[in-house]
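**Student:** Following the hints, complete the assembly by docking chain B onto the known chain A.
Number of protein chains: 2
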Amino acid sequence: MVAANEEVRASGRTITRRPCTASIIVALLVAASTAVGANDPLPSWDDGAAKRAILAFVAETTSPGAPGFVPPAERIAAFDNDGTLWAEQPLYFQLAFVLDRVKALAPEHPEWKQKQPFKAVLAGDVKGALAGGEPAIAELVTATHAGMTTEEFTKIVGDWIASARHPRFKRPYTECVYQPMLELLGYLRANGFKTYIVSGGGVEFIRAWAERVYGIPPEQVVGSTGVTRFELRPTGPVLMREPKIEFVNDGPGKPAGINKFIGRRPVFTFGNSDGDQQMLEWTAAGGGTRFMGIVHHTDAEREWAYDRTSHIGKLDKALDEATAKGWTVVDMKRDWKRVFPFDDR
Amino acid sequence: MVAANEEVRASGRTITRRPCTASIIVALLVAASTAVGANDPLPSWDDGAAKRAILAFVAETTSPGAPGFVPPAERIAAFDNDGTLWAEQPLYFQLAFVLDRVKALAPEHPEWKQKQPFKAVLAGDVKGALAGGEPAIAELVTATHAGMTTEEFTKIVGDWIASARHPRFKRPYTECVYQPMLELLGYLRANGFKTYIVSGGGVEFIRAWAERVYGIPPEQVVGSTGVTRFELRPTGPVLMREPKIEFVNDGPGKPAGINKFIGRRPVFTFGNSDGDQQMLEWTAAGGGTRFMGIVHHTDAEREWAYDRTSHIGKLDKALDEATAKGWTVVDMKRDWKRVFPFDDR
Chain A
41 MVAANEEVRA SGRTITRRPC TASIIVALLV AASTAVGAND PLPSWDDGAA
91 KRAILAFVAE TTSPGAPGFV PPAERIAAFD NDGTLWAEQP LYFQLAFVLD
141 RVKALAPEHP EWKQKQPFKA VLAGDVKGAL AGGEPAIAEL VTATHAGMTT
191 EEFTKIVGDW IASARHPRFK RPYTECVYQP MLELLGYLRA NGFKTYIVSG
241 GGVEFIRAWA ERVYGIPPEQ VVGSTGVTRF ELRPTGPVLM REPKIEFVND
291 GPGKPAGINK FIGRRPVFTF GNSDGDQQML EWTAAGGGTR FMGIVHHTDA
341 EREWAYDRTS HIGKLDKALD EATAKGWTVV DMKRDWKRVF PFDDR
Chain B
41 MVAANEEVRA SGRTITRRPC TASIIVALLV AASTAVGAND PLPSWDDGAA
91 KRAILAFVAE TTSPGAPGFV PPAERIAAFD NDGTLWAEQP LYFQLAFVLD
141 RVKALAPEHP EWKQKQPFKA VLAGDVKGAL AGGEPAIAEL VTATHAGMTT
191 EEFTKIVGDW IASARHPRFK RPYTECVYQP MLELLGYLRA NGFKTYIVSG
241 GGVEFIRAWA ERVYGIPPEQ VVGSTGVTRF ELRPTGPVLM REPKIEFVND
291 GPGKPAGINK FIGRRPVFTF GNSDGDQQML EWTAAGGGTR FMGIVHHTDA
341 EREWAYDRTS HIGKLDKALD EATAKGWTVV DMKRDWKRVF PFDDR
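Protein chains in written order, with our numbering: chain A, 41 to 385; chain B, 41 to 385.
Same shape as in the complex, but just chain A (with noise of 0.2 Å):
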């Protein structure tokens, strides 16, 4: 794709002024390139419709001469994570995280053991434990996130990712990440945009594996904060986490927090449910070329099958604009060759 882009640049320079034949040449580069089986650049993506439109896309946007061409420094990315870069079956993995230090916590806590949501947790009743909805969720999340420095609190993160498995799959949790998304971000950066993660997820929760895992840097990921206070002890300052959430970055949320953390608009934005939908919204209003991408999870084989009635990763109301507005769906059974790197091929 490099050396395509780099033959439409020498186009561009001579069309100008004919950007219709400029998005001619685009197209056919992109139909050329999607053949060329050595060089491209997602392998695991099948030559669908879906796949077609990123490279339109990158073509179009990287492209000088072309009408939609977006100057590098524009070429924001965002990805939320839970089932767009990872999964999120059975539970959200950070979920996972606050049940396991729930347990490693309760020798510390037995006012637990008669104590709900953690009596549930205790017992290994996990839908009892997440029956309280939204408030049970956060007590859960502020007793195992606050009371530590940030410092602790990554070592802990980076202590459980690496030895904790996931139930299915009997991998790290960072196995279980997709990889026709992996080359995708891979792709995107090659061609001079920045990949943010745009998650609902804590944002040092996702920091502490992020770069190791998808190449992208503690400052390019967006997430749901809690608040910090600065200490100065003998042996130096510190943050201290405080049991209290700060901003929760999800539905609504999402722009909010692109707008708080990048204060740019992205111009391509992949999400998979109705958390996304705000943040597709938005990415699409923003005029210009746009890329909004939604993951399908349509693949109960090899990873799941879920939508409009799924308690996570619920798909329903941006499934319905999707289609309305002809954002791309990815059918991950039909559009993914493989899902997980340790697929076989």
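Be aware that a few hints might be false.
To be verified - On the chain A side, residues computed to face chain B include the following (Cβ under 8 Å):
#1 Pro-257
#2 Glu-259
#3 Val-261
#4 Leu-272
#5 Pro-292
#6 Asn-299
#7 Lys-300
Source of the hints: derived by calculation from the structure; they are not laboratory data.
All C-beta atoms, glycine included, are put in the ideal place defined by N, C-alpha and C.
**Tutor:** The following block gives chain B in isolation, referenced to the frame of chain A:
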């Protein structure tokens, strides 16, 4: 300096097990480059201790083989804005914006004629308006910074900054920036540093002009934030600015803001007041090679002279700590050959 660094790099390969030698070579190169006026990256800096400390830091952190080498990804440089990159007297510039906005909005708010602190602002009594301290300022800020979309706010700031004039210099506020600091920003970036603003000011106020003035893009501005609310209008989605301060990025809030927005600890930090003390401490505590700098306003003739007793940009405890710990204190009168770009040389 680039050629000098390459020489060091070449030397570094052969002397990785002799870091002391590498340090001496670095020091010699710094001395040499300082003497060469034509290639001087910091021409508005006097060849004194402050400039030497900056050059030595950059040479040390960017020379592979040097004991203080910092990988490019970790080269985070944080700058306070008010009093560090641009002036802050006789009044923080954002506060001048607030006062102008109160006057502009007064016709829509007849009740302000009888209500403090608005009444004092409208009577031109700035001192009286600010006598109410932080609650009064917060009231003025929320009244002028909320009730519009983020895009409308950016336009309001852009219009104001293009037309308002500094009361003493009779120039746009964006010209009242420090020439030596513009050179420093460019020099750091040329050496692979990512330059960030970490300001107590509002993040969207600063982003409206920071890229044009400092070359710092929106995603590298950390500042105070207000709550925004996503709203889907018939014409498309907007983010409404709510009259609620969300996060104050000042004093102990600065390390918290750095941790939240950047997720990495800076290796180079410049401030000018006690509001930067915790950010400087946080930087110093990172271990390895670190640079902590303070601009000391000592030039009543070209700029202002103020420190321990000033209401604006008070520099007291941080000055004591800088002296005790050997941080770099810039004496504006002595260390800067030129203060503003418009100064005659």
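**Student:** Next, verify each hint and record whether it holds.
**Tutor:** So, going through the hints one by one against the coordinates:
Satisfaction of the interface hint for A/Pro-257 is found here, the shortest Cβ-Cβ separation to chain B being roughly 6 Å, below the 8 Å cut-off. Because the beta carbon of A/Glu-259 sits about 5 Å from the nearest beta carbon in chain B, less than 8 Å, this interface hint is met. Because the beta carbon of A/Val-261 sits about 6 Å from the nearest beta carbon in chain B, less than 8 Å, this interface hint is met. Of the supplied interface hints, the one on A/Leu-272 holds, with its beta-carbon coming within about 7 Å of a beta-carbon of chain B, less than 8 Å.
Residue-level restraint check for A/Pro-292 holds (minimum Cβ-Cβ distance to chain B is 4 Å; threshold 8 Å). Nearest Cβ of chain B to the Cβ of A/Asn-299: about 6 Å, under the 8 Å cut. The hint holds. With a least beta-carbon distance of about 6 Å to chain B, the hint placing A/Lys-300 at the interface is held under the 8 Å criterion.
The structure shown violates none of the earlier numbered hints.
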